[in-house]
Structures are given as structure tokens and as C-alpha cells.
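Starting from the given sequences, assemble the full structure and let the hints guide the process.
Here are the chains, one letter per residue:
There are 2 protein chains.
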Amino acid sequence: MTSPQISLPQALRQLQATFDAMPPVAAMQVRVGDYREQRLAVDAPLAANVNDKGNAFGGSLCSVMTLAAWAWVTLQLRLAGHEADVYVADSQVRYLRPVYEDLHAEAGAGPGADWEGFLATFRQRGKARIAMVSRLLPGGQPAAAELDGRFVAMARR
Amino acid sequence: MTSPQISLPQALRQLQATFDAMPPVAAMQVRVGDYREQRLAVDAPLAANVNDKGNAFGGSLCSVMTLAAWAWVTLQLRLAGHEADVYVADSQVRYLRPVYEDLHAEAGAGPGADWEGFLATFRQRGKARIAMVSRLLPGGQPAAAELDGRFVAMARR
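For the protein sequence lines, the chains are A and B, in the order given. Just remember that our numbering sits 1379 ahead of the position in the first sequence, which is counted from 1. Just remember that our numbering sits 1379 ahead of the position in the second sequence, which is counted from 1.
Source of the hints: derived by calculation from the structure; they are not laboratory data. Please note: incorrect hints may appear among the correct ones.
A pair holds if it fits inside one copy or across any two, identical chains being indistinguishable in the list.
[Claimed, not checked] The calculated lysine to aspartate or glutamate pairs, modelled on EDC-like cross-linking and capped at a C-alpha distance of 20 Å, are:
#1 1506 <-> 1493
#2 1506 <-> 1480
#3 1432 <-> 1480
#4 1432 <-> 1464
#5 1432 <-> 1481
#6 1506 <-> 1481
#7 1506 <-> 1413
#8 1506 <-> 1495
#9 1506 <-> 1399
#10 1432 <-> 1413
#11 1506 <-> 1464
Structure, rendered in C-alpha cells:
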């Protein structure tokens, strides 16, 4: 359940390796981006995620936002010394406008989320749940899509 | 806005061609299935949609359920003689349990949806919105995931 301490760059490389090992994620050419100000970025080229209308496929928008939030939880747990299976439990997605640019998502804990409480519960029970928010922010413009979701982490035994 | 009448098999082949032309959908190897009892099925092999835990990637579940509902709306419009750009506007997804089987989704109009009203609005305004339900039903078992979503159709001009 507890792993040796790793650095942020190492943890980001681990996430990229996990993405690359998942066939649908590799096909979407998803890249782990920067982690700063408690938010993790994830990117993917439009060309690998385009729909019949020449803009981004809704399923790819959902996937990239889900992955950003999933990776945030996995990253935070690893930096705290834990290996866990992280699942999305539910999500609400609003597709606000078509995306004609490369996909750039940023995820962080939801407004009411309590990371310390999540971590304490995870350590005590081997399982915890956290509310996450993920946004599709193409080219620094206002969000083109938003995801609110709950993610569950289960300690690997 | 109005196209010549086409048969159900022709319309299903058109949907498959659209899926195959979308890179992320082709990568997930999504196949249009049967249309019966007002529900359209969509399938995809687990191998092309697997995650780091050996079960189906949440983004693929979201994508396949979204595609089934999107295809249902597109199909119904085509059978009624209309070509439209169909978008998902929002969706709520519940991931109920991990999926270790090939992906099989079935979509239909939501419980409160009024197809005739949708069609009348579309014909009058060139734009209409409908509530859809999509379920992930692996191997005829109870749903492993559920999507409630609203879809918007805009007439092609």
C-alpha cells in the first residue's frame, strides 16, 4: 500500500507510461502535461480525436477530462506514498461548444473536496472517494466543456 | 434538409461508415449493432478499450454509450428523411461496476422524451433537443454503466 517516495517528474512519467499502455488512450495520443497550482494538465491532438463534423469527438472530450481527473488522484496518492486503483464512479459533463483546437484539459479537486480527509480515510479504510472538477480549456479560452465527477481510490493489496 | 428515403440496413451502414471515418471511434473498433424495439445497439471489443486495471476504460464506456445515443438520433432523423448535425449537449454517467467483457451499449429515447414533438420542432425551427438513455449491458447482465444525456440536432444547410 505504501511505496517509496517519488519526485513529481518521476510521477508524471509514470502517468504517461500508464496512458501509453492503455490502447484507447494511446490511440487518442493523450499526453500528461504540467502540474501546477494544484491542477494537472492533459493534452491530446485534435487530429486523433476528430468527429464527423471536423471538431472534437464528444467521447474524446469526456475521456480527456476523465483522464485528467483520474491522473490527478493517482498522482496525489503516489506523491503521498500510496499505490491505488482509481476509478471514476460517476460524472456530469457539459459540452458547451464545439472544439476546433487541440484538446487541453485541466483537473483539480472539486470546490467542496477535502484532500486531507480523503487521504486520512484512504489510510484508515483502504478506500476513499473525492469530488473532482475537470475543464476543457482550448488555447486559454473559456471552458468548452466541464466535468464534475466522483473518483474512488482503492488500496492495492 | 430533406434527403431521399433510405432503408434501415442502408442507414445502419451509413452510421458504420461515419464511425469508421472518426479516428478515435475507429481506434475503439466500434460497430453499429441491431436496431430493434426502438433501441440501437453499439459494440466494441474489450481489447481495444482496456485500462491499466484490465477492465474497460471509463472514457471508452462514456464514448460507446454517447455514440449509441448519438447514432440513435441520427438514425431516426435519417429514416424520417432529414440530415442533421447531432451533438451531445450534456450527460450524466454512472459507472456501476468494472467491465471485463466486450462492450455492448443500447440506447433509446429517455422516459420523458417526445420523439414526435422533437421531430415537429426540428422541422419547424431546424433545431431540436431530446433526452436519451444509454446503458452498458455486457453479456445480457444488469447495466454496468448508465448514461442520461441531452442531444441537439441542427439541420444541415
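Give the relationship of residue 1432 and residue 1480 under a CA distance limit of 20 Å: within one copy only, between copies only, both, or neither. within (13 Å within a copy, 31 Å between copies)
At most 20 Å between C-alpha atoms: does residue 1506 with residue 1493 qualify within a copy, between copies, both, or neither? within (15 Å within a copy, 42 Å between copies)
Using 20 Å as the alpha-carbon threshold, which applies to residue 1506 and residue 1495: within, between, both, or neither? within (14 Å within a copy, 47 Å between copies)
Between residue 1432 and residue 1413, at a C-alpha cutoff of 20 Å, which is it: within one copy, between copies, both, or neither? Classified as neither; 30 Å inside a copy, 24 Å across copies.
Up to 20 Å CA-CA - residue 1481 versus residue 1506, copy category: For residue 1506 and residue 1481, neither the intra-copy (35 Å) nor the inter-copy (27 Å) Cα distance is at most 20 Å.
At most 20 Å between alpha carbons: which applies to residue 1506 and residue 1399, within, between, both or neither? neither (26 Å within a copy, 40 Å between copies)
With identical chains, the pair residue 1506 and residue 1413 could be close in the same copy or across copies; at 20 Å between alpha carbons, which is it: within, between, both, or neither? neither (27 Å within a copy, 40 Å between copies)
Using 20 Å as the alpha-carbon threshold, which applies to residue 1432 and residue 1481: within, between, both, or neither? Classified as within; 15 Å inside a copy, 28 Å across copies.
How would you label the pair residue 1432, residue 1464 (within, between, both, or neither) given a Cα cut-off of 20 Å? between (36 Å within a copy, 7 Å between copies)
At most 20 Å between CA atoms: does that hold for residue 1506 and residue 1464 within a copy, between copies, both, or neither? Close inside one copy (9 Å), not across copies (43 Å); limit 20 Å.
At most 20 Å between CA atoms: does that hold for residue 1506 and residue 1480 within a copy, between copies, both, or neither? neither (38 Å within a copy, 25 Å between copies)
In this structure, the earlier hints numbered 2, 6, 7, 9 and 10 are contradicted, and the remaining ones agree with it.
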